[in-house]
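Those protein sequence lines, which keep their order, are chains A and B. Taking the numbering used here, the leading residue of the first sequence gets 1, the next gets one more, and so forth. Taking the numbering used here, the leading residue of the second sequence gets 1, the next gets one more, and so forth.
Worth flagging that the hints you see were computed from the coordinates, not collected in a lab.
Covered stretches of chain A, as calculated for chain B (at least 3 residues, CB under 8 Å):
id	region
1	170-181
2	185-195
Here are the simulated EDC-like pairs of lysine to aspartate or glutamate, each with C-alpha atoms no more than 16 Å apart in a straight line:
id	chain 1	residue 1	chain 2	residue 2
3	B	Lys72	B	Glu54
4	A	Lys193	B	Asp247
5	B	Lys84	B	Asp95
6	B	Lys189	B	Glu211
7	B	Lys84	B	Glu214
8	B	Lys189	B	Glu214
9	B	Lys28	B	Asp38
10	A	Lys136	B	Glu248
11	B	Lys85	B	Asp95
12	B	Lys232	A	Asp183
13	B	Lys99	B	Glu176
14	B	Lys189	B	Glu176
15	B	Lys99	B	Asp247
16	A	Lys185	B	Glu231
17	A	Lys193	B	Glu248
18	A	Lys185	B	Asp233
19	A	Lys136	B	Asp247
20	B	Lys84	B	Glu94
21	B	Lys33	A	Asp58
Positions of the beta carbon are idealized from the N, C-alpha and C atoms, including for glycine.
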Amino acid sequence: MMANSMNTRWLVKVATAAALLAGTQAHAQQPPPGAGIQREKTVPAIESGKWTGKRLADGQPDVQGHWSNTIANHNNWTDPQGGVPGDPGRNGPPKTPRSERAPSRVSDPADGEVPFQPWARAVQQEFLQFFHNPIKEQYVEPLARCAPAGVPKSFTWHGYEIRQFPGYVLFLFNSGTRVIHLDGKPHLPENIKLWNADSRGRWEGNTLIVDVTNNNAKARLARTGEFFSDNVHIEERYIFNAEGTRYNYVATITDATVFTRPWTTTIPARRFTLEDEPDGWHYEVAYANQPPGKPPLVERYERICVENNGPFGNVAVLGAR
Amino acid sequence: MPAEMKGRIAALLVGTLLATSVATAAPKIPRLKSGKPDFSGIWETTSAAEYDLEPHSGRADAPPSAGVIDGKYIPYLPAALEQKKKNFAARATEDPRLKCWTLGTPRGIYYREPFQIFQRDRDLTLLFQFGHSVRTIHTNGTLHPEVTDNEFYLGDSRGHWEGDTLVVDVTDFNTETWLDRAGNFHSPKLHVVERWRFLDENTIEYRATLEDPEVFSRPWTLSVQLHRHREKDFQLIENYCFTLGYDEFYPVPQQGTTE
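Turn these sequences into a full structure, and let the hints steer you where they fit.
In C-alpha cells form, the structure reads like this:
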C-alpha cells in the first residue's frame with residue numbers, strides 16, 4: 001500500500017470542495033494521471049538584477065509558496081514535450097514537428113544536446129533502450145521506487161513548496177526534501193553522497209545562487225536516462241521575476257568524467273496561488289479547514305513514499321507475468 | 001549623538017533591564033518576533049525511550065531503562081496486550097523501523113537521530129534525518145481536515161499556544177507505525193496531544209498523551225527531554241535508508257562499465 005494513493009483519495013475530496021469554494025463548476029474533478037501538465041512552448045527570459053518585491057524579516061526575497069515547472073514532466077530531458085522514445089503505449093512518437101514543442105532543457109550548448117563523452121552517451125542510450133522493458137533492476141528508474149528525484153530532476157517532477165527561514169530555504173518536493181543552507185556552514189566532507197546533494201546558497205538581488213556538491217548521482221535526470229557522476233558540481237541560479245510570479249532555474253553542470261564540457265540547463269517555473277485550482281500534479285495542495293469567516297488558505301499535506309515498487313513494465317521487481 | 005539615537009539607546013537599556021528582571025522569574029528562551037517561543041534548531045533525545053517506552057532490564061537489543069511513562073506501564077486492553085506480546089516476540093523482523101519507514105508521531109520525536117525544527121508564525125516544519133520526512137504542525141488556527149478517513153504516517157497536526165507551551169492535537173493516523181522497538185503499537189483511532197515547552201534555551205520538555213479506544217483502556221502520557229545540538233557546523237544529513245535495499249542496482253556509471 002502506498003501512502004500517496006491515500007493522499008490522492010483525500011485530494012479528490014478536497015479538490016471537489018475547493019471547486020465549490022472557488023465557485024467553479026461542481027463537476028470539476030481531479031484530472032486523470034498525466035493530464036493537466038503544463039505545456040507552455042517557450043521559456044521566458046528573466047534577467048538577474050535587483051529585487052524590488054516583498055522581503056522576509058531576515059531580508060530574503062519572499063518567494064515562499066507553491067511552484068511548478070511550466071513545460072513538461074521528466075519524460076524527456078532534451079525534448080521535454082516529446083515523450084519517452086520507444087513508448088509502446090498511447091504516448092507514442094510525438095505528432096508535432098520538433099519546432100512546435102518546448103525547447104530542450106539544455107540551454108548551453110546551443111544545439112540543446114547534453115555534451116556526453118561517447119562512453120557516457122552509450123550508457124544513457126542503454127538505459128533508454130530498456131526503460132519500457134526493464135529486464136534488469138538497474139533499468140528501473142529509482143524514482144519509480146520512491147527514491148528522491150534529486151538535483152535537478154526534482155524541478156520537473158510535480159509541484160513543490162518553498163518555505164524560507166532565517167539561514168535556510170527549504171524545498172518540499174513530491175519525492176524528497178532539500179535544505180539550502182544560507183548559514184555560511186561549509187559543505188559536508190566530500191565522501192558523503194546524498195540524493196539531494198549538499199547545497200550552500202546566497203541571495204544576490206532577485207537571484208538565489210546555490211553551490212551544489214556531494215550528489216550521489218543515482219537519480220537519472222529523466223526517463224531518457226541522462227546522468228552525471230558523483231564528481232558532479234552544479235552551480236544553480238534561481239532567477240525570480242519582479243512580480244514574484246515566475247522564476248527560471250538556470251544551472252551549470254560540470255563533470256569532467258562524463259561530459260566533454262560544462263553545460264547549462266534552464267527549467268522555467270511559475271507560482272501557483274489561490275487563483276489556481278488544485279490539480280493533483282503541479283499544485284498538490286488542499287484547502288485548509290478554516291473556522292467560519294476565515295478566507296481560503298491552501299496547505300501542503302503529508303507526502304511520504306517508501307514502498308512503491310511499481311516501475312514501468314512491473315518486471316524487474318514483481319517478476320515477469 | 002543624534003537625539004533620536006539617544007532615545008533608541010535609552011529604550012534599549014530600559015528594555016534590557018525589564019528583560020533581566022523577567023529572566024529571574026522564568027528561563028530566558030528564544031522567541032519569535034511575535035513573542036512565541038522559537039523552537040528552531042536541531043534536537044535529539046538522549047533517552048532510551050525508543051528502545052522500549054516501558055521499564056525494562058537490559059537485553060541484547062536494548063539498554064536498560066526505567067521507562068518514560070507516567071504510571072510506568074501502558075494500559076493496554078486485554079486483546080491489545082496479546083498483540084503487543086506478539087509484536088515484541090517478532091520485533092527483530094516486524095518493526096517498521098527495519099524497513100526505514102517513517103516512524104510516525106510520537107516515535108519520530110524520540111528516535112535516536114536528530115530532527116530539525118524550522119518555525120514560522122503559521123507553522124512548525126519538522127524535518128527528520130531518519131527517512132528525511134516532513135511533518136508540519138499548523139499554528140495558524142486551522143482545524144483538522146473535515147474528511148475523517150485520512151491515514152497519515154505522521155498524523156494531522158494542529159497546534160495552539162497555552163502561554164509558552166505549544167499544545168498540538170494530532171489525528172488521522174495509519175497503522176504502519178509502532179511506538180518503539182518493543183512492539184508497542186496503536187490503531188488508526190490513535191489521538192495524540194503533545195505539549196512542547198522549554199526547560200531552558202537548549203532543552204525542550206516533550207510530553208505526549210496517547211488515547212486510542214481500540215488499544216488502550218485509558219489515555220496515558222509519556223515524557224522525554226530533547227537537547228539542542230550545539231556542535232560546530234552540525235547539520236542534518238539526509239538518511240533515506242529505505243533506498244538502501246536497492247542501492248546495489250544503481251552504481252554510479254563509470255567509463256568502461258557499459259555492458
